[in-house]
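Colleague: Residue numbers (our numbering): 3 to 388.
Rather than coming from a laboratory, the hints here were simulated on the basis of the structure.
From a predicted model like this one, the values you see are computed outputs, not experimental measurements.
Each hint should be verified, as a subset may be incorrect.
[Unchecked claim] Cβ-Cβ distance ranges computed for the label pairs, FRET-style:
(1) N183 - R213: 19 to 29 angstroms
(2) T180 - N345: 44 to 54 angstroms
(3) L350 - R286: 26 to 36 angstroms
(4) R286 - R259: 14 to 24 angstroms
(5) P199 - L350: 48 to 58 angstroms
(6) P273 - N345: 49 to 59 angstroms
The beta carbon of each residue, even a glycine, is placed where N, CA and C say it ideally should be.
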Amino acid sequence: MYKTRATTTFVLPGILFSVTLLLGACAATPENGGGETTASDSGTAQAEARPAREAQDERSPPEAEPEIRESAPERYVVKKGDTLWDISAMFLQDPWYWPEIWLVNPEIENPHLIYPGDVLSIHYVDGRPRITVDGGPRVRPTHRLSPEARVVERDEDVSPISTLQSFMFRPQVLDEETLENAPYILASQDERVIFGPGDRVYVRNAEDTERYELYHIVRHDGALTDPDTGEDLGVATLPVGEAEIIEPGNVARADIRKGEREAIRGDRLVPYAEEQDMLFDIGRPPAGTEGTIISLFDALSQIGQLQAAIINRGERDGIENGQVLTAFTAGREVRDPISDRANEVVTLPEEEVGTVMVFQTFEKVSYVLVTEAERTLREGDKVRTP
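All chains should be built: construct the whole structure from the sequences, respecting the hints.
Modeller: Spelled out as structure tokens, the structure:
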């Protein structure tokens, strides 16, 4: 491969410059017998034309700035046999200005040379055109950034459960007396029967409240009883929203600040509790733990994946947030039509139906979220240590 050097002398207004232009690997190979025009040929032609050019420069000085042709390509791949003059004329109205727009590329070895395969591109620096080598075999590979997955190692016993947080809530299990003595919504400023965020309501039995104090609004959702022992386990409530006391009193004024569902007359105000931490360890309950689903949250007869229920096991039984239990459906009782015993009833085996995770515990009961379900879960279904 040959490298040729073309020396060009040209005149800018009032100053004479001599610029050495280099073109590598663009010359004709020995095999082609010099049939193609090379950078050396171009240099000879430029030398012959120098007197005429200098005379012309004396008559009419060249333009102050290089002028890019309208037909100039944004990117051009140098081919074998291209001459420097050809390339200059492709980009410029006046090829003599090539030294002023050629910008060496510091990332490649000997950036003053131009080789076949080099990709020449037009850029503008401070408003002035510049041409540089942006691609080709001499330029280091460009790594294009794109989104990609990244695997992060973590402790298998710890889960952020961020994907489940939107399905969790802050339930309240209260004793009957506490709920009965709590302040309650009596009415609103108008005669509406449902209320929401931004509404002003009147609250009865609120003498002990303070101005600007926040309360949770809850609704009685049913008494909880242990099906095994008959023990009273408390009262489940539905979260309704939040209210702020504006003026305390036996009939206080309050504004509803947040709503998870419509508030109605009779809804109770209970002391405000801070947001619970939804980041907890995933684990197993104590060995041998067995409980029963005693209530379905916000459902009538059955629930599925990402719905909640209450079990009759709580903190006193060693239950903690994040513990996972397996749910089983009780076997149905069916009559055996083939049995020799008339009207014999057989209890079918229980079946595993899903997995639940504890997300809120109380002394006697806990709320669980259904994380996996092969079929719907009902009251009376059992939960056990996996």
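Colleague: Any of the earlier hints contradicted here, and which numbers?
Modeller: The structure breaks only hint 4.
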